[in-house]
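S.K.: Just need the whole structure built from these sequences, with the hints factored in.
Going down the list, the protein sequences come from chains V and X.
For the first sequence, the positions run 1 to 418 when UniProt numbering is used.
For the second sequence, the positions run 1 to 418 when UniProt numbering is used.
Be a bit skeptical, because a hint or two may be false.
[As the list claims (entries may be wrong)] Here are the in silico distance ranges between beta carbons for each label pair: (1) V:M183 <-> X:G277: 53 to 63 Å; (2) X:G380 <-> V:G209: 38 to 48 Å; (3) V:T351 <-> X:G100: 23 to 33 Å; (4) X:L317 <-> V:R212: 41 to 51 Å; (5) V:A358 <-> X:D269: 14 to 24 Å; (6) X:T26 <-> V:G107: 24 to 34 Å; (7) X:A42 <-> V:S293: 48 to 58 Å; (8) X:F46 <-> V:T351: 36 to 46 Å.
[Said to hold, decoys possible] Not close to chain X: a few residues of chain V, all C-beta gaps over 12 Å, as computed: (9) E4; (10) E43; (11) K53; (12) A304; (13) S326; (14) E378.
Since the hints were made in silico from the structure, they are not lab data.
The beta-carbon is built from N, C-alpha and C at its ideal position, and this holds for glycine as well.
2 protein chains.
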Amino acid sequence: MTLEETIVEVGVRAKAAAADLMSLATRQKDAVLSQVGELLVAEKAFLQEENEKDLAAGREKGLSDAMLDRLALTDSVIESMVKGLKEVIALPDPVGRTLGSVKRPNGLSVGRMCVPLGVIAMIYESRPNVTIDAAALCLKAGNAIILRGGSEAIHSNLALASILRRALEEAEVNPDSVQVIPMIDREAITIMLGLEDSIDLVIPRGGEGLIRFVSKNSSIPVLKHYKGVCHAYIDKDADLAKVAPIVINAKTQRPGVCNALEGILIHEDIVADVLPGLATELAELGVEMRGCSQSLPFSEHIVAASEEDWGTEFLRLCLCVKVVRSFEDAKSYIRKYGSQHTEAIITENYTTAHRFVAEVDASAVVVNASTRFNDGGELGLGAEIGISTTKLHAYGPMGLEELTTKKFVILGDGQIRS
Amino acid sequence: MTLEETIVEVGVRAKAAAADLMSLATRQKDAVLSQVGELLVAEKAFLQEENEKDLAAGREKGLSDAMLDRLALTDSVIESMVKGLKEVIALPDPVGRTLGSVKRPNGLSVGRMCVPLGVIAMIYESRPNVTIDAAALCLKAGNAIILRGGSEAIHSNLALASILRRALEEAEVNPDSVQVIPMIDREAITIMLGLEDSIDLVIPRGGEGLIRFVSKNSSIPVLKHYKGVCHAYIDKDADLAKVAPIVINAKTQRPGVCNALEGILIHEDIVADVLPGLATELAELGVEMRGCSQSLPFSEHIVAASEEDWGTEFLRLCLCVKVVRSFEDAKSYIRKYGSQHTEAIITENYTTAHRFVAEVDASAVVVNASTRFNDGGELGLGAEIGISTTKLHAYGPMGLEELTTKKFVILGDGQIRS
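M.R.: If you want it as structure tokens, here you go:
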């Protein structure tokens with residue numbers, strides 16, 4: 001078979017599996033996930049052996065320590081995969097839930113029932129644990145999944161795929177419910193992205209380059225976010241006691257993630273009260289600050305920002321500082337430099353908070369709390385498969401329910417349309 | 001300006017207008033719609049004069065009577081546009097509605113607020129009334145809209161656009177909230193479909209050719225349905241008294257629309273009781289029937305179907321007839337030939353009905369009622385902008401709420417993540 005034929009065949013098999021999964025009982029789905037957990041533990045030696053092949057190849061290719069770290073299936077990574085599976089098992093099954101049932105004047109009963117999306121393709125980079133996490137969520141929501149991880153993790157992913165397949169077979173569920181694309185050519189991705197008759201949704205996770213590539217080449221709907229450039233606007237009516245804890249948490253608790261803070265906007269009326277102390281605290285925590293000309297006099301720790309700094313996703317201990325003249329100014333700045341991911345305001349003023357919530361366009365708007373809360377677990381969705389800044393279908397973290405769609409269920413007793 | 005520059009400029013203006021529309025008061029949006037209604041009446045002579053240019057060009061080009069009919073802005077078409085506007089005014093504004101608010105253990109209040117999608121591009125064929133209907137719905141949901149109608153309706157659409165713009169100006173709303181692309185080149189569509197930084201959603205409406213063209217060329221999410229190949233499965237446990245009324249209504253009440261019936265599947269146990277009488281009734285109503293070999297002996301009105309007939313969207317008084325051996329057979333047939341639009345079952349058996357609802361994949365599944373009910377108005381959504389068989393974002397009729405998305409609103413009093 002050619003590469004194209006192989007990938008097309010994967011799509012056809014996934015679609016057939018999806019039809020079987022549609023009405024699979026929750027306990028059967030949970031049985032698969034539980035079995036995966038047991039096999040991960042039982043086959044740890046095998047997994048780590050395969051993983052070592054990827055690590056060795058990575059070391060030879062000169063991957064950075066950070067990349068090798070992400071690639072490694074250590075004992076604790078395996079434990080966290082098992083823990084993740086247990087969490088997904090504990091989540092309620094969204095499939096079959098019917099919302100908003102109404103009785104129409106002609107007696108028809110109309111509701112919207114959560115049903116699986118069908119086939120989901122996940123395209124991701126190094127971390128092999130995504131293979132298990134994503135498969136578990138998609139499966140619990142009744143979807144078949146096609147996984148295409150990074151080439152540097154190919155041995156690890158194929159080993160994990162064999163465990164997933166064994167668990168499916170042992171639980172007597174269609175083993176094509178989870179498939180891993182075994183080819184490392186990028187061509188394989190391009191072919192997948194054209195299978196709109198077999199695949200319902202593509203979720204890319206990784207660097208902006210990969211995501212733009214997927215988005216550009218897909219004829220299938222894509223849920224994604226390119227980057228997270230999150231801001232906190234410190235309003236003139238901010239409670240000053242709340243400012244430093246929120247800014248420090250949002251910037252430093254985990255600087256490498258998409259909901260970390262990348263910039264603060266400070267109202268000019270309170271900049272003198274806020275910035276000198278805040279900048280000192282941030283500097284002590286190792287945060288580099290790049291500020292507008294108006295901010296510079298308030299702290300020796302701030303260096304002048306260049307035009308490219310505004311709107312940059314630093315993903316490290318670096319923060320932009322901008323003094324604004326008004327709420328409107330802050331809003332315009334966010335509209336220009338934000339990424340529609342997470343935007344926060346710190347204020348005690350009711351109307352300003354209300355307006356910020358209504359008028360700022362982001363997947364999450366936050367009042368008086370850290371931007372780090374824009375996360376499926378923190379918001380009560382359970383595990384998440386990613387965060388969308390695409391406004392269609394899901395805006396923000398995507399949990400189990402976002403991996404379903406809603407069809408209309410119309411129950412009658414002979415009604416015809418007049 | 002080049003064509004490309006012009007279209008890009010339209011997108012930029014629309015995006016700016018969308019920012020203004022986000023938080024526009026309901027009464028202001030309704031004021032625009034009300035004003036449009038008044039201008040449609042006041043400017044009827046102008047509209048019909050411009051429309052006559054399109055009709056004359058159409059006649060010269062030899063358009064069919066049916067096409068000229070769809071193109072005409074008769075008094076009654078104008079009245080129905082005005083009536084449609086009133087209906088949209090009467091619908092509740094979805095923007096700002098917050099759903100599923102929960103209190104998290106740390107005291108954060110988390111809800112999901114309906115917000116406008118942003119900029120919607122509508123690409124459609126002949127009927128100029130779509131210009132008003134679509135603009136009204138998009139605007140009420142707080143979106144800016146870019147309209148690109150068929151070249152044969154260009155004078156009518158530009159006349160309607162001038163009325164929309166006057167109404168926006170008179171109500172002091174950003175006049176770029178509704179823009180009509182004045183170019184008739186197909187190139188204009190291709191350029192629009194690449195403006196992913198300005199446009200959030202594309203909705204094509206028209207023939208399958210147009211929709212496939214849009215889908216193939218768009219880098220922006222598209223909501224669409226290619227066609228509606230709807231079936232009714234007459235189960236062995238059907239109440240025979242319900243069969244003919246439902247089948248006749250679904251096939252003949254309005255055969256040219258997407259939720260009309262295109263095929264019936266009859267369980268072999270009851271085919272002898274159902275088909276002879278049903279086929280006679282259908283034949284008397286002028287319905288042509290194309291059946292499988294097993295169906296032919298039951299009525300002289302049925303001719304043998306060819307392979308291409310199965311799954312065809314006839315859009316006229318023609319119906320496929322297939323005898324099936326079981327519920328499973330009916331399901332497989334629907335999976336193979338259906339279009340995920342509307343699928344109905346006629347049965348009194350609880351378990352069979354329950355399984356049909358759970359296991360058949362379509363934007364609407366119907367028990368004991370006509371397929372014609374898969375319509376926004378009939379399902380209680382109010383006016384609809386179209387029906388989606390794309391599973392992402394909306395599956396089925398799209399009303400006002402489907403023209404919005406939901407962002408997370410996180411309200412705290414200083415929470416940080418631990």
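S.K.: Does each hint fit the structure? Answer for all of them.
M.R.: Hints, one by one, checked against the model:
1. V:M183 <-> X:G277: 53 to 63 Å: Distance hint for M183 (chain V), G277 (chain X) holds at roughly 58 Å.
2. X:G380 <-> V:G209: 38 to 48 Å: holds (45 Å)
3. V:T351 <-> X:G100: 23 to 33 Å: holds (25 Å)
4. X:L317 <-> V:R212: 41 to 51 Å: Hint holds: Cβ distance 50 Å, inside 41 to 51 Å.
5. V:A358 <-> X:D269: 14 to 24 Å: Violated, at about 59 Å.
6. X:T26 <-> V:G107: 24 to 34 Å: holds (32 Å)
7. X:A42 <-> V:S293: 48 to 58 Å: holds (55 Å)
8. X:F46 <-> V:T351: 36 to 46 Å: Roughly 44 Å apart at Cβ, these two residues keep to the hinted range, so it holds.
9. E4: holds (18 Å)
10. E43: holds (34 Å)
11. K53: At roughly 37 Å from the nearest Cβ of chain X, K53 (chain V) sits farther out than 12 Å, so the non-interface label holds.
12. A304: holds (29 Å)
13. S326: holds (16 Å)
14. E378: Violated, because the least Cβ-Cβ distance between E378 (chain V) and chain X comes to about 7 Å, which does not exceed 12 Å.
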